[in-house]
Amino acid sequence: MSEHMGHPDGPTPLERFLNGILPENPVYRQILGICPTLAVSNSMESAMTMAGAVAFVLVSSNLVVSLIRGLLKPHLRILVFTLTIATFVTVADRFLAAYMHEMSRKLGPYVPLIIVNCIIIARCEVCAAKQSVITAVADAIGQSLGFALAMATIATVRELLGFGTWFGLSVMPKAWPAWVVMILPPGAFITLGLLMGAVNWIGAARAGKSAGGGGEAKKA
Amino acid sequence: MNHLGALLLLAINTALINNMVFHFFVGNCPFIGVSRRIDTAFGMGCAVTFVTAVAAMLSWTCTYFILAPGAPLTTWAWRQFNPTSQAVVDLSILNYVVYIFLIAAAVQLVEMYVRKFFPALYKAFGVFLPLITTNCVILFVCLEIMKHVSGATGPLYWGPDEALVYAVFAGVGFLIAIVIMAGIRQELDHCDVPKPLRGAGITMIIAGILALAFMGFTGVDKGLEAMFGK
Amino acid sequence: MSDKGGYIKQGWLVLVLAGCFGAALAAVHVGLGQRIESNKLGDTLGQVPKLVPGAVEGRSELLGGRTVYRAVDSSGRTVGWVLPVGGGGFADRIELLIGLDASAATITGLYVLEQKETPGLGNRIEEPAWRAQFTGRSAQRRLAVTKADKPGADEIQAVTGATISSRSVTDIVNDAVGRFRAELGASRQ
Chain E
1 MSEHMGHPDG
11 PTPLERFLNG
21 ILPENPVYRQ
31 ILGICPTLAV
41 SNSMESAMTM
51 AGAVAFVLVS
61 SNLVVSLIRG
71 LLKPHLRILV
81 FTLTIATFVT
91 VADRFLAAYM
101 HEMSRKLGPY
111 VPLIIVNCII
121 IARCEVCAAK
131 QSVITAVADA
141 IGQSLGFALA
151 MATIATVREL
161 LGFGTWFGLS
171 VMPKAWPAWV
181 VMILPPGAFI
191 TLGLLMGAVN
201 WIGAARAGKS
211 AGGGGEAKKA
Chain X
1 MNHLGALLLL
11 AINTALINNM
21 VFHFFVGNCP
31 FIGVSRRIDT
41 AFGMGCAVTF
51 VTAVAAMLSW
61 TCTYFILAPG
71 APLTTWAWRQ
81 FNPTSQAVVD
91 LSILNYVVYI
101 FLIAAAVQLV
111 EMYVRKFFPA
121 LYKAFGVFLP
131 LITTNCVILF
141 VCLEIMKHVS
151 GATGPLYWGP
161 DEALVYAVFA
171 GVGFLIAIVI
181 MAGIRQELDH
191 CDVPKPLRGA
201 GITMIIAGIL
211 ALAFMGFTGV
221 DKGLEAMFGK
Chain Z
1 MSDKGGYIKQ
11 GWLVLVLAGC
21 FGAALAAVHV
31 GLGQRIESNK
41 LGDTLGQVPK
51 LVPGAVEGRS
61 ELLGGRTVYR
71 AVDSSGRTVG
81 WVLPVGGGGF
91 ADRIELLIGL
101 DASAATITGL
111 YVLEQKETPG
121 LGNRIEEPAW
131 RAQFTGRSAQ
141 RRLAVTKADK
151 PGADEIQAVT
161 GATISSRSVT
171 DIVNDAVGRF
181 RAELGASRQ
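Protein chains in written order, with this note's numbering: chain E, 1 to 220; chain X, 1 to 230; chain Z, 1 to 189.
Simulated from the structure, these hints should not be mistaken for lab results. This structure is a prediction, so every number in the text was calculated from the model and none was measured. Using N, Cα and C, we set each Cβ at its ideal position, and we do this for glycine too. A few of these clues could be false.
Straight-line Cα separation of at most 25 Å, PhoX-like style, residue types lysine-lysine; simulated pairs [stated by the list, open to error]:
| no. | chain 1 | residue 1 | chain 2 | residue 2 |
| --- | --- | --- | --- | --- |
| 1 | E | K174 | Z | K50 |
| 2 | X | K222 | Z | K116 |
| 3 | E | K73 | E | K130 |
| 4 | Z | K147 | E | K106 |
| 5 | Z | K116 | X | K147 |
| 6 | Z | K147 | Z | K40 |
| 7 | Z | K116 | Z | K40 |
| 8 | X | K147 | X | K222 |
| 9 | X | K195 | E | K209 |
| 10 | X | K147 | Z | K147 |
| 11 | Z | K40 | Z | K50 |
| 12 | Z | K147 | Z | K116 |
| 13 | Z | K50 | X | K222 |
| 14 | E | K106 | Z | K50 |
| 15 | E | K106 | X | K195 |
Per the computed footprint, the stretches of chain X lying under chain E, defined by three or more beta-carbons under 8 Å from a beta-carbon of chain E, are [what the hints assert, rightly or not]:
| no. | region |
| --- | --- |
| 16 | 64-77 |
| 17 | 109-120 |
| 18 | 192-198 |
Interface residues of chain X toward chain E, partial, derived using beta-carbon atoms under 8 Å [to be verified]:
| no. | residue |
| --- | --- |
| 19 | Y96 |
| 20 | A104 |
| 21 | I180 |
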């Protein structure tokens with residue numbers, strides 16, 4: 001977790017932006033938004049399209065919520081977040097259906113599921129409802145990039161091993177027997193689990209080097 | 001194949017073969033978060049099943065009567081203003097917004113009901129009950145029902161009975177998944193899991209192995225259909 | 001829960017937002033609706049020229065309560081038919097487009113619209129080489145699936161390791177073609 005670095009209101013916009021990419025990565029660190037991460041990460045193309053959709057919804061929702069944050073009443077704020085997010089997801093879904101029809105069919109029901117994607121509601125609640133527009137948008141962009149990075153890592157592994165391609169371009173040699181399980185649900189779960197372990201291990205090694213002691217102990 | 005048989009096949013299909021967690025990847029957040037102990041996992045599974053059933057019925061009704069293209073209530077209302085119009089009234093752009101509100105309403109309803117009639121259970125659930133609103137399973141079920149009601153005809157069309165069976169057994173499938181995972185994780189407490197994998201990492205790997213096992217159910221419904229005749 | 005009056009007073013924001021967002025969504029629907037519809041139709045109608053030789057477009061018609069596409073050439077003459085049909089596969093539903101010649105005596109092509117079969121095994125029914133087995137087959141007799149190396153005149157060689165998916169497709173084709181021929185014959189009397 002990044003420190004305040006003396007800023008009175010918490011992390012600066014730039015810090016929030018950088019935080020979202022690795023230190024507070026929504027998938028690997030906060031363990032949010034796992035559903036689309038597993039579902040559409042069997043090819044880079046669909047993974048990046050999903051990341052784009054999530055980015056659009058996250059940034060727009062944070063923007064709107066931050067703009068009206070003065071008017072939010074505590075009891076109804078979740079309702080307002082949900083209404084905003086649902087609207088932008090509908091827009092994104094219609095847009096994909098109109099201009100990227102093939103992708104829209106591949107992504108299927110997972111685009112509307114962005115509405116209940118924990119990342120977006122969490123960012124609205126934690127950041128956008130309390131911070132200025134610039135901070136909220138910077139946070140949203142950072143988290144989106146973090147999400148895209150997580151999707152890219154998982155999709156790269158799954159597509160390379162499962163299809164032998166990357167972004168549809170053939171990479172693996174012809175002799176490579178495609179690991180079909182990578183494209184299927186079990187491959188998704190196992191890949192994510194192992195990558196989470198890898199990220200934790202790297203994080204612990206880094207913290208161990210700088211603090212000269214035990215790294216972050218993740219909850220067992 | 002009579003109607004009851006078709007419903008039974010739908011139930012088996014939804015709970016086991018196309019399991020919500022292991023096939024469709026929905027419901028992962030509570031799956032990771034609430035699967036530490038069997039009793040909380042079982043409670044969560046039951047709550048999700050109940051809420052899904054209520055939300056599915058609400059959303060089927062809304063979709064059929066109001067939102068679908070050519071829905072009865074909206075067409076009737078439109079004809080009051082414009083008696084000669086032959087236009088197909090289509091409110092389906094509002095689908096997602098309406099569904100998420102119905103889900104929030106269903107969670108509120110269930111919360112009030114549980115608080116009134118099962119206060120001990122309500123205390124045990126704590127913060128989990130409102131959290132079910134963001135559970136992907138429920139929205140996924142509503143979307144699936146939408147696919148089979150909005151503009152669907154013939155064998156693709158689902159009446160309220162199919163929708164209810166689908167919703168309940170989607171919850172049952174989630175319950176099975178989360179309870180199995182809880183049972184395994186309770187045993188894991190005695191094992192030496194490598195530090196980087198503790199928590200979410202090992203849960204995902206186990207989920208992968210379970211998903212592999214559940215893949216063995218593929219084709220069972222087709223076999224059953226062949227066995228018991230069309 | 002807090003006071004009812006508080007909720008009404010606080011609810012104005014939700015109502016205003018609902019109104020604004022509703023208007024925005026309506027605008028999106030009006031703006032993009034056409035394009036989405038034509039995309040959806042393009043999936044099926046775009047295949048008609050590839051499934052029936054000589055066809056330039058498909059016209060949607062109802063026959064026996066089901067939608068079929070009449071394939072016509074540039075002068076409007078019927079050169080064939082395309083049937084959109086579906087049925088149960090191994091894993092989930094399979095949706096197909098079957099191309100027939102004008103008298104529905106020969107199958108001119110097969111296209112898989114949607115399938116969720118096992119990747120690497122069942123989903124090989126989408127491969128052009130496998131689908132090409134259906135081209136030129138007689139529509140007057142039921143086709144059977146075989147694992148033999150050299151399939152007969154009315155036999156389709158199954159995808160290796162995906163016999164059930166292959167059988168599902170063939171069953172869907174047999175049923176749909178048989179039903180269509182019966183209805184076409186009935187409608188011409």
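Each hint, compared with the structure:
1. Of the pairs offered as hints, the one joining E/K174 and Z/K50 is violated, with about 30 Å between alpha carbons and a cut-off of 25 Å exceeded.
2. Annotation: proposed proximity of X/K222 to Z/K116 holds, straight-line Cα distance about 14 Å (limit 25 Å).
3. A threshold of 25 Å between alpha carbons decides the hint, and for E/K73 with E/K130 the separation of about 12 Å falls inside it, so the pair holds.
4. For the proposed pair Z/K147 and E/K106, the alpha carbon gap of about 32 Å is over 25 Å, so the pair is violated.
5. Under the criterion of a C-alpha separation no larger than 25 Å, the hint pairing Z/K116 with X/K147 is consistent with the structure, at around 16 Å.
6. With a CA separation close to 36 Å, the supplied pair Z/K147 and Z/K40 exceeds the 25 Å bound.
7. A C-alpha spacing of about 19 Å is found between Z/K116 and Z/K40, which places the hinted pair at or below 25 Å, so the restraint holds.
8. In summary, the hint linking X/K147 to X/K222 is supported, as the alpha carbons are separated by about 22 Å, within the 25 Å threshold.
9. Annotation: proposed proximity of X/K195 to E/K209 holds, straight-line Cα distance about 17 Å (limit 25 Å).
10. For the suggested pair X/K147 and Z/K147, the alpha carbons sit about 37 Å apart, so the restraint of at most 25 Å is broken.
11. Between the alpha carbons of Z/K40 and Z/K50 the distance comes to roughly 17 Å, so the proposed pair stays at or under 25 Å and holds.
12. For the given pair, Z/K147 sits about 22 Å from Z/K116 by alpha-carbon distance, which is consistent with the 25 Å threshold.
13. Distance check on the hinted pair: Z/K50 and X/K222 sit about 32 Å apart at the alpha-carbon level, beyond 25 Å; violated.
14. For the hint linking E/K106 to Z/K50, the alpha-carbon distance of about 23 Å falls within 25 Å, and the restraint holds.
15. At most 25 Å may separate the alpha-carbon atoms for a hinted pair to count; E/K106 and X/K195 exceed this at roughly 36 Å.
16. With a threshold of 8 Å between beta carbons, the proposed coverage of the region 64-77 of chain X by chain E is violated, since 0 of its residues qualify and at least three are required.
17. For the region 109-120 of chain X, the assignment as covered by chain E is violated, since 0 residues bring a beta-carbon within under 8 Å of that chain's beta-carbons and 3 are needed.
18. Only residues whose C-beta sits within less than 8 Å of a C-beta in chain E count toward coverage, and the region 192-198 of chain X has 6 of them, enough to reach three; the restraint holds.
19. Below 8 Å, beta-carbon pairs count as interface contacts, and X/Y96 has one with chain E at about 5 Å; its hint therefore holds.
20. Evaluation of the X/A104 hint against chain E yields a held restraint, the C-beta minimum of about 7 Å falling below 8 Å.
21. About 14 Å separates the beta-carbon of X/I180 from the nearest beta-carbon of chain E, more than 8 Å, and the hint is not met.
When the structure is compared with the earlier hints, violations turn up for hints 1, 4, 6, 10, 13, 15, 16, 17 and 21 and for no others.
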